[in-house]
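Order-wise, the sequence lines are chains A and E.
If you count the first sequence from 1, position 11 lands on 11 in the UniProt record's numbering, and the numbers rise without skipping.
If you count the second sequence from 1, position 421 lands on 421 in the UniProt record's numbering, and the numbers rise without skipping.
Worth flagging that the hints you see were computed from the coordinates, not collected in a lab.
None of the values given here were measured: they were computed from a predicted structure.
Just so you know, not all the hints are guaranteed correct.
Heads up, incomplete: computed chain A residues facing chain E, CB under 7 Å, no partners named [unchecked claim]:
#1 L54
#2 C57
#3 H58
#4 H65
Ideal Cβ positions, reconstructed from N, Cα and C, are used throughout, including at glycine.
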Amino acid sequence: MKRLLILIARGWQLGPSRILPPTCRYSPSCSQYAIEALEKHGAFRGGLLAIKRLLRCHPWGGHGHDPVP
Amino acid sequence: MQNQRNLILAVVLCALLLFGWDSAISYFYPHANKPVVAAASPSPAAGANGAAPTREGGLMNAADRAAEVRDLKSALAAPGRIAIQAPGLSGSINPAGALLDDLVTVRHKNVELNGPERIFSPVGTPAEHYAQIGWDGQNVEIPAPNTLWTAPAGAKLTPETPVTLTWTNAAGLVFEITYAIDKDYMITANAKVANRGTAPVTVTPFARIGRTKKTASLDTWNIHSGPFGAFDGKVSFDTNYDDMAELPGAIQVNEGKTDWIGFTDIYWMSALIPGSPTASSNYRAIGGDLYQANMFYRPVAVAPGQSAGTSTRLFAGAKEGDVLSAYQKTGIANFSLAIDWGWFRWFEEPIFWLLKKLFSLAGNFGVAIILLTLIVRGIMFPIAQRQFASMAAMKAIQPKMKALQERYKDDKQKLQQETMALYKSEGVNPLGGCLPIFLQIPVFFALYKVLTLAVEMRHQPFVLWIKDLSAPDPAHILNAFGLLPFDVPSFLAIGVLAVLLGVTMWLQFKLNPSSPDPVQQQVFAIMPWLMMFIMAPFAAGLLIYWITSNVLTIAQQKYLYARHPQMKAMVDKERADVAAAKKAAK
Chain A
1 MKRLLILIAR GWQLGPSRIL PPTCRYSPSC SQYAIEALEK HGAFRGGLLA IKRLLRCHPW
61 GGHGHDPVP
Chain E
1 MQNQRNLILA VVLCALLLFG WDSAISYFYP HANKPVVAAA SPSPAAGANG AAPTREGGLM
61 NAADRAAEVR DLKSALAAPG RIAIQAPGLS GSINPAGALL DDLVTVRHKN VELNGPERIF
121 SPVGTPAEHY AQIGWDGQNV EIPAPNTLWT APAGAKLTPE TPVTLTWTNA AGLVFEITYA
181 IDKDYMITAN AKVANRGTAP VTVTPFARIG RTKKTASLDT WNIHSGPFGA FDGKVSFDTN
241 YDDMAELPGA IQVNEGKTDW IGFTDIYWMS ALIPGSPTAS SNYRAIGGDL YQANMFYRPV
301 AVAPGQSAGT STRLFAGAKE GDVLSAYQKT GIANFSLAID WGWFRWFEEP IFWLLKKLFS
361 LAGNFGVAII LLTLIVRGIM FPIAQRQFAS MAAMKAIQPK MKALQERYKD DKQKLQQETM
421 ALYKSEGVNP LGGCLPIFLQ IPVFFALYKV LTLAVEMRHQ PFVLWIKDLS APDPAHILNA
481 FGLLPFDVPS FLAIGVLAVL LGVTMWLQFK LNPSSPDPVQ QQVFAIMPWL MMFIMAPFAA
541 GLLIYWITSN VLTIAQQKYL YARHPQMKAM VDKERADVAA AKKAAK
């Protein structure tokens, strides 16, 4: 499960993300954050962290350096 | 040199994408039905058995089609057929075997046949598809498939008038089937055995749907066509026609309680719903492209002077969402899930609901799609506005940015970190974030699903030449809209809509601040034209959504630039800078 989710994030980085204009307000980017979170905290907690991060990543959200806890 | 290599690479990649994508996409995202060709002439190629199924379903090869017309005519001309006339279905009951083998949908048209869409066709015709109510039994004379049943003279099955067929065997067993029909697609069959003889008998009531796979619609990885049913409250789309034939005995016994069982196409289905929770069921391949879905009740002993009955419902018709939901409310478990929405149903159904509401306002599904786009872009507008405001704020810190870029020009990682830190300290951020993109992808995917799946979208016209939003744009440019006498190869079949998509996308990209990254610049330059090819074979409705979205984005950018003139100046200057840098590099 964890591997699959990481694969999805990697797929995003290599595919659509390459083509789209850079949009992420954070560093590391959402996808990188997701991969790190999944590796560190597993599928469930890591996935949850990634979703929370995505939900913050809009014009009213925060920005800047935001590493995986 | 570097530049040239990149260019060659880009061209090769594009070519790869163009051809590779076409085959990949037709596997992953099966195309909408090919536009219907009027008057299919029996060409030698179509005579072979190899014609691929379409999303519409129906007989594929010309010989079968001709045979169907002929055989259907003679089968339906047989005397004694009992007419069926209801708002949803019409047709007739075959007195031989008391079969339901002639049903057409009143509300859905078949463009090719210029008539109603046929669901059931008699046994022996090429499009064979029927339902049978019957009994099994040992040491008892049961009705045979060719048993001639009797009905009252002048009987006609309508929602107001059920029809009862009877047959009595030599031993005094009276078999009775009463068919009743509603205003949509449900026929209720009450089957009864009355023992007027002298010996007790045991019979096993059953119900069966038999059909050919020759009329099956396209079976793809995300939309199932084939045997299906609900067992223990779970809908199973896992059985395929071809797998069936390879099973031992070509039979698949279904585990669990049978809620309903039958066959589905993308738009049509036939299903039996048992009147008893103890019914069991199986699928069988009986050879010659023929398949059965069988449902058996428990054997029942009928003593002399006694009778026993079962009630079975048969659904035969179009998978209209509202109709299926209404039946589900009458207690048929998960009947609305007969539409193969997939795991994303929770999002697709609300979009579909919204689209239907907009349709009832506008009266045209094309306009409804445009309204949907307006709503989506309307929701995104404050985000874009906010993004623009912070871009304007960016301008103020431009000198500091320049200084950073100078200082860390050899360390990209460090530069990024420092840039982020600067944004934070100045309280600005030029980027919209990932969420706005993620919000739009599901809407697009849901619309794709709705357009390929929902019978409500089938043959829905827009304006001018677009007669079917769920089919690709038929106006192919390369053969001058059909004036030149050749078929365009599929990867070059670009319609007017696809060109509009490319042009609007190109215009939209032109309004964006140009990217400093040369690779990305090239991507932006190529992408609109690439998307033109990629999207061309998709449903016209999907392209209309995208074009409208592009146009609205362009209008939004223009408006925002007008409100922030300093941004316009900045973007122009940036573009000039980039162009100058390019020149300098050469």
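Hint-by-hint comparison with the structure:
Against a cut-off of 7 Å between C-beta atoms, the interface hint on A:L54 holds, since the closest Cβ of chain E lies about 6 Å away. Given the 7 Å rule on beta carbons, the hint for A:C57 holds: about 4 Å separates it from the nearest Cβ of chain E. Restraint check, A:H58 versus chain E: the minimum CB separation of about 4 Å is within 7 Å; hint holds. At a threshold of 7 Å, the smallest CB-CB gap from A:H65 to chain E is about 5 Å, leaving the interface hint in force.
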